[in-house]
Every structure is written in C-alpha cells, then in structure tokens.
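Here's the letter readout for the chains.
Protein chains: 2
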Amino acid sequence: MTIKFKVHKEAGDCNARLATLTTPHGTVETPIFMPVGTQATVKTMAPYELEEIGAQIILSNTYHLYLRPGHDLIREAGGLHEFMQWNKPILTDSGGFQVFSLGDLRKITDDGVEFRSHIDGSKHFFSPEKATRVQMALGSDIAMAFDQCPPYPCERQEVARAVERTTRWAKRCLEAHSHEYQVLFGIVQGGVYEDLRRTSAEQLLEMDFPGYAIGGLSVGEPKPMMYEVLDYTTPLLPRDKPRYLMGVGTPDALLEGVARGVDMFDCVLPTRIARNGTVMTSRGKLVVRNAAYARDFEPMDPNCNCYACRNFSRAYIRHLIKSNEVLGIRLTTIHNLYFLLYLMAKVRQAIREDRFMEFKKEFLSNYEE
Amino acid sequence: MTIKFKVHKEAGDCNARLATLTTPHGTVETPIFMPVGTQATVKTMAPYELEEIGAQIILSNTYHLYLRPGHDLIREAGGLHEFMQWNKPILTDSGGFQVFSLGDLRKITDDGVEFRSHIDGSKHFFSPEKATRVQMALGSDIAMAFDQCPPYPCERQEVARAVERTTRWAKRCLEAHSHEYQVLFGIVQGGVYEDLRRTSAEQLLEMDFPGYAIGGLSVGEPKPMMYEVLDYTTPLLPRDKPRYLMGVGTPDALLEGVARGVDMFDCVLPTRIARNGTVMTSRGKLVVRNAAYARDFEPMDPNCNCYACRNFSRAYIRHLIKSNEVLGIRLTTIHNLYFLLYLMAKVRQAIREDRFMEFKKEFLSNYEE
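So the sequences go chain by chain: G and E.
Just so we're aligned, residue 1 is where the first sequence starts under my numbering, counting upward by one.
Just so we're aligned, residue 1 is where the second sequence starts under my numbering, counting upward by one.
Same shape as in the complex, but just chain G:
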C-alpha cells in the first residue's frame, strides 16, 4: 500500500477528525474538498492557480478521459499528472456514475455496462476490469472501484441487487488492479437502507481496501435523509482509513459530513454554478449576474481574500458574464473554489482547536443556501 493515513485528532463532541493522507504525489490534510477536473482540467483554471487557492488534491473523470483524449494517449504522455501538469495528488472515479447516468444510452449486465459515447454515439463497454485498467493507464494516485450506483428513489430490491453487484465488481477490480504506486478505494452502496449499507460495508471491509467511499448519496434524496445515512454508515467504516463522500459540495453538507466523520469530498457544484454566474459567499449564494448588481462596486464577498474579491467589483464581473467573457467565469470559479477550500481549512483549524461544532453552528447561522 503506497498511501498512508494518519488521524491526528478526533473531536470529542462529534465524529469529526483531523488527519493527513500521504500519497505518491504528496500529502493532503483532511477533511478536504477536491475540485473536479473532468477533462484533465479544472474548468477555466490553470494548475498554478489551483495551487494558489490551496487545492491539495483534485478529482478527474475516467469516463471522459477514456473517450477523449483516450487513456492510451495519456499514458503515452507520461500519465495524467504529466499531461495536465498537476503534480499533486489526483483521484480518479471509475466512470461508473457517468455511464449509469447515460440512461437510454447504456445497458447493464453482470459483466459490465455497454454504453454509447455522449460525444459521437460510438459504442463502448466498461467492465470492472476495463475501468481499473483505464485508471491504471491514467496513473492517478487513488483509483475507485467500478460500482453500481442506484438512483433515488429506488426500490429496496433493486438497491439490494446493486449492493451485491458492487461487491462482486469490487473483487474483480481488486484482482485486475496492479500498479507501481496507485491504490484502489472501495465504494459502499446501499441507498437509504441501513441494513443494505451494513451489508455493503461488511463485504467491502473483508477485501481490506486502503480507503472507502460512500456512494449513492447526493443523488436527489433530501439532505436530512443523506445525513441520516451518514449517521449510520460512517461508523461502519474503519477509523484508520480515509472516508470519502462522493458528489457532495454545498457548504452545509460539507460541514454535516465532517461532523459525521467524513474526510474527503468532491463536487462539480462550485465550478458549475460559477459558470452560471452564481457564487458562494459568507452570507450564502449570490447570483452576481443579476441586474441588481449592475452598479454594485463592492466585491462579490467583502469577507473574501481571493484574487477575484481582492480586485474586482460585482458590476465588472456581472458585465463580463453578461458579455460571455471568459474572465467572468474564471473569476467566479476562482472565488467558489477558494471559498470551499478556505472553508475546509477553517474546519481543520477548528477541529485542531477543539471548537468544530461551535464553528459549524456559527457558519450555518449566517449561511443561507
């Protein structure tokens, strides 16, 4: 195993913990938010800008890179780190979530998933082995097992079948996986059914993955339901291994996840809403493209120290976005990622100083989703 996870501190009044995750490309402090770089780039950002705003690890999408430019090309380039010139840790997903999301364009069997490319309609097949080999070619630090993620809502029986298949597929991924430095994480499924989550966790724990993700959440269920699932699922996972909640990126859900013992998060939300002219601020969401800000010469978030807020007004950024100027979405993206990364830095500081629950309460009392 080429990663090392060390818990430095556990909160007394909740399950939050402060830890470090050491990977072949460097050490990450957790709890951490991972910006998403779907197509070997965090949309609009240069790698040095990601470093400047404090990104420590990013996520990239296997499905997208497999289709374009192709994992073989990226292997030829020397791997994903070299290709995109990001020299810190990278986690790749398995492509499972994306191919399952293709709806009519995919067909699932126990062997794997046949799907059509969203780019050109060409036919492809992903199996646990294929998803694993593609990730090996990409050379990410952390690869994810190919799982079946059921939608929400979903009948119990279907979720049960997805859990069984996820277990069988996890074994096949482990067998197919062999890499100089890359490690493979397992993914717990089970939807909103406590006993299925338990079954899934127990079966995956037997395979002794170096880290575990909680999948199948943030897929449409109400937030309180997600928190309830976390309440009973994170305690099923080993204390000495990283826990990763997939697809979560709203400030409130990050804090609730941390309180329940989650270490890692990823989400396209901050970058996606940024491109639509919406930013997260210490007071809540602000739609900077709204007419209300046309003559507002204040920064997007007066309490923020990011490049965008230190230099530019809401009026200017609104003008850029209304005019379809790239700099507009660059500035909102920088801000949103900085906001979440800085929030997580404050979370770590609060855990370190034994006041995480206090910090959480204070933050949420000001933040309107």
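Treat the hints with care, since some could be wrong.
Given that identical chains are not distinguished, each listed pair holds provided it fits within a single copy or across any two copies.
With a cut-off of at most 25 Å between alpha-carbon atoms, the simulated SDA-like pairs for lysine to any residue come out as follows [stated by the list, open to error]:
| hint | residue 1 | residue 2 |
| --- | --- | --- |
| 1 | K123 | A294 |
| 2 | K322 | G78 |
| 3 | K322 | S101 |
| 4 | K223 | K285 |
| 5 | K322 | R116 |
| 6 | K346 | D231 |
| 7 | K322 | R272 |
| 8 | K285 | R352 |
| 9 | K107 | Y181 |
If you are wondering where the hints come from, they were derived from the structure by calculation, not from laboratory data.
Given the coordinates of chain G, assemble chain E onto it according to the supplied hints.
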C-alpha cells in the same frame, strides 16, 4: 497636452525608430503592439497575466463599451482603468470603424451615424461629439477622433468624400474634447490614393493633434498595397509625434510597418486566431487543434518562453480545445500575445543596436504566413 513622445533613435537604413510615449498611466516603449480588450477585458486574460507577458498598453472599443455596460456605468466605477483593474495606459478607438462595419444596420449623414445595436437591435446615434464624450467618460489615456473609414475597394470619389468628412469630424471632436488628462489623436484617411492621403494628412496636421493614426488600411487590400500606402503616408506625419497604424497584427506587417516609421499597432488577430486553435510560432502559423498534433508532446513553439510553451504539450492543448475547455484558449491566447509582444521587444532591441533591417530579414526568412 498630457502625453510626451520622445524619439531616442532612428535607423539609418529605413524609417524605423525607437521612442517612448509617456501617458498619464505610464510610459510605453515603441514600436509597440497593443492587445485588444474589446469589452473591457483582453479575451480570456486577467490583467496581471497581461503584465506578465509584457503588455504595456491595451486598446478598448468604445462602441462595445457604450452599448454594454454603458459609459456612464464605467464613469461611475471610476473610469475604465479602475473598472477593469488595468493600471497601465489604455487607448480607445472612436467606435467609428465598428458602426461603419454594421452594414445595413447603420445610416451615415454628415451629422453622424445612426445605427442599431448588434446586441438587441436598439437604435443609437454616434456623432463626433458623442464619440468624444463617450471616450471622455471611459477615461482612456488616448482617445481617437471619430472618422469615416471607407471599405476596400472603394471609388476614388467616395474616398475623397470620406476624407472631407473625416476632416470636418476631426474638428468637431477637438472642439468637443476636454479632459483632465486624456489626449485625442487624429486619423488620416485616403484609402490607396496618394493625393488623398496627402490632403487628409495636411488638413489634420493643421489641427495639431498630439498623435496621428493611419486608418483605412488592413481592410482587405493586398499587403504590398498597404506597404505602398505606408511608404508615402508615414513621411507626411510629424517625426516628433507617435504614428499609429490601426488594425495591423500579423508579424510580417508589423515589421514592414516599423520599417516605414510606424510606432503603434493594434489587432484582434492574435487573440481571435488563438480562440480558433491557431498559434503564431517562430516558424509560422501552427493550427494546434489539427489531428496531426494529437500525440505531439512538444511545446507549441519550442523556441518560446511563455507560460503555455514552458509547461504544456501540443497534445494537451489540442485536447483542451477539442473539448471546449477554457484553459485551451487561455493558453493559445497567452502564447500569441507573448509572441507578438516579445517580437516587438526584439524589434526595439534591434533598432537600439542598429540592426533592425537585418533582424527583419532573418525573421521573415523563417516565418511562413
């Protein structure tokens, strides 16, 4: 007059000269290329990036800023420099070229031009006075007179009328112009007719502008014809004032313009072709989005020291552009602007060292347009 122009050196074997142009927002070394920031942003670039690649002065478009976000809003923001956070010199055009380019959407009278917005079809009127007042509100360092730019080809009689009108309009601009620090340049018209260029220059020189532009070129005429016009037009302009050739930005035309005594240039070409996946290199144009570069792991221009060429491969940049990723066109834009700005720095160095014609010959022998 709040600008100062000082010629430091003149080439012995051509009309190239090395000079400094001091404006209220700083001193510019000429010959210089001005990147174009049409909508209060040089497309895809942040202001600090422009500084990093050596931009000393930028151009912004009055027509576009008048329509969106509006010159009053920019005045409220504290002027264009403050609005876009660019603290070096800015030159604004008069909007004339843009409104004349609207074709069926505009109607010209001696009073001015009635036109419809390309954004929402709303009706507007630009007169010499209006174009001047809008530029005063923007607060650029250098404003341009509102001229009539005839197309190419164009009947002599029509060009003659455009020259007369440009002279009358230049007077009205001067009368309307009054600003704390901004200066106003005149624009010589006359198409490809030597006597009309002479008439235009003589009439404008009587008004004693602090600088003169050569307009109506690079509008479709063959390059040798443009060079011929420059051959007889630049000598008509005062030696002790800056000469600005509008709309020129190919490397060969820049060098030919410098050889004929031009000090300032602007063009959307480098940023426009960048967004289409084409870059200028020391060997000529390279269409990095072409399939030929899919697995080419060399930099775009191995002789270039820009951020893009220092860090990324043709294969990666091609992938980004094919995938519509903003970072792709950011990198090609950085490269193209760096290429032209660095070319002009080498031009200045060559003039300083009495070897400009030699430098020009050497450069052009390697460069394929």
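Do the hints match the structure? See the list:
no., hint, result
1, K123 x A294, "between (47 Å within a copy, 22 Å between copies)"
2, K322 x G78, "between (40 Å within a copy, 20 Å between copies)"
3, K322 x S101, "between (31 Å within a copy, 23 Å between copies)"
4, K223 x K285, "within (17 Å within a copy, 53 Å between copies)"
5, K322 x R116, "between (35 Å within a copy, 19 Å between copies)"
6, K346 x D231, "within (23 Å within a copy, 65 Å between copies)"
7, K322 x R272, "both (16 Å within a copy, 20 Å between copies)"
8, K285 x R352, "neither (28 Å within a copy, 55 Å between copies)"
9, K107 x Y181, "neither (33 Å within a copy, 69 Å between copies)"
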